[in-house]
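Top to bottom, those sequences are chains A and B. Its first residue numbered 13, the first sequence is counted upward by one per residue in the numbering used here. Its first residue numbered 3, the second sequence is counted upward by one per residue in the numbering used here.
Do not rely on the hints blindly, as some may be mistaken.
Chain A stretches covered by chain B per the calculated footprint, using a threshold of three residues with CB under 8 Å from any CB of chain B [claimed, not checked]:
#1 53-66
#2 110-116
Only pairs whose alpha carbons sit at most 30 Å apart, straight line, appear in this in silico DSSO-like list of lysine-lysine [what the hints assert, rightly or not]:
#3 K67(A) with K125(A)
#4 K82(A) with K113(A)
#5 K70(B) with K67(A)
#6 K67(A) with K90(A)
#7 K113(A) with K85(A)
#8 K125(A) with K113(A)
#9 K113(A) with K80(B)
#10 K125(A) with K90(A)
#11 K26(B) with K67(A)
It should be emphasised that the hints constitute simulated quantities derived from the structure, not laboratory data. Virtual Cβ for every residue (Gly too), placed ideally from N, Cα, C.
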Amino acid sequence: AQTVTQSQPEMSVQEAETVTLSCTYDTSESNYYLFWYKQPPSRQMILVIRQEAYKQQNATENRFSVNFQKAAKSFSLKISDSQLGDTAMYFCAFSAAYGNKLVFGAGTILRVKS
Amino acid sequence: DAGVIQSPRHEVTEMGQEVTLRCKPISGHDYLFWYRQTMMRGLELLIYFNNNVPIDDSGMPEDRFSAKMPNASFSTLKIQPSEPRDSAVYFCASSPGAHEQFFGPGTRLTVL
């Protein structure tokens with residue numbers, strides 16, 4: 013069974029600074045997908061970024077980028093130029109290529125301070 | 003597209019009552035998922051459908067929970083009878099089969 017671990021329960025960052033959220037996972041699969049979801053206080057789950065395991069290039073979406081280390085089974089999220097609206101719970105998630113179920117980590121609460 | 007639609011947004015009921023949560027997926031999405039989120043257990047997958055057929059219901063807690071998808075544009079999650087420990091936020095999500103899932107706004111259920 014796959015597991016996803018987020019070891020940082022809470023983090024804080026100053027506005028305009030950069031922050032990195034950690035995620036590790038455990039799987040025996042060679043092909044899979046990884047995601048970061050954001051859940052602001054409104055509780056809406058919002059897809060932030062997606063990475064296919066067969067792609068070596070790290071995914072980037074505007075201020076959000078990932079550091080995907082397949083051998084280390086690590087998938088960290090970097091947020092550049094942090095904004096107050098980035099304050100949210102961030103979830104790392106895994107999906108095996110053969111199925112469609114998402115396995116979520118416990119989440120990291122990120123607080124952006126002005 | 004309006005996104006995934008869930009109703010009601012909030013539900014308060016008394017123990018023993020029947021509760022029905024509703025979901026309309028994004029048009030064209032073949033997969034529909036029901037999740038429950040609590041502080042203690044995080045996000046749990048309850049059940050998911052593919053082309054209206056239940057594929058995996060191993061996450062459904064017990065027989066008090068049931069889910070149906072009578073057509074491609076509608077699904078329900080029913081709890082009968084409800085108990086205080088069922089209090090949680092229930093999310094519906096849909097997917098076009100590309101693994102990424104799009105979530106609805108959730109239903110906050112409180113069972114007194």
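Structure-based check of each hint:
1. 53-66: holds (count 7)
2. 110-116: holds (count 4)
3. K67(A) with K125(A): Violated, at roughly 34 Å.
4. K82(A) with K113(A): Status holds; Cα separation ~20 Å.
5. K70(B) with K67(A): Status violated; Cα separation ~37 Å.
6. K67(A) with K90(A): Holds, at about 18 Å.
7. K113(A) with K85(A): The hint holds at about 19 Å.
8. K125(A) with K113(A): Violated: K125(A) and K113(A) sit about 35 Å apart, past 30 Å.
9. K113(A) with K80(B): With a Cα-Cα distance of about 21 Å, the restraint between K113(A) and K80(B) holds, given a limit of 30 Å.
10. K125(A) with K90(A): Between K125(A) and K90(A) the Cα gap is close to 17 Å, so the pair holds against 30 Å.
11. K26(B) with K67(A): The given pair, whose Cα atoms are some 33 Å apart, is violated under the 30 Å limit.
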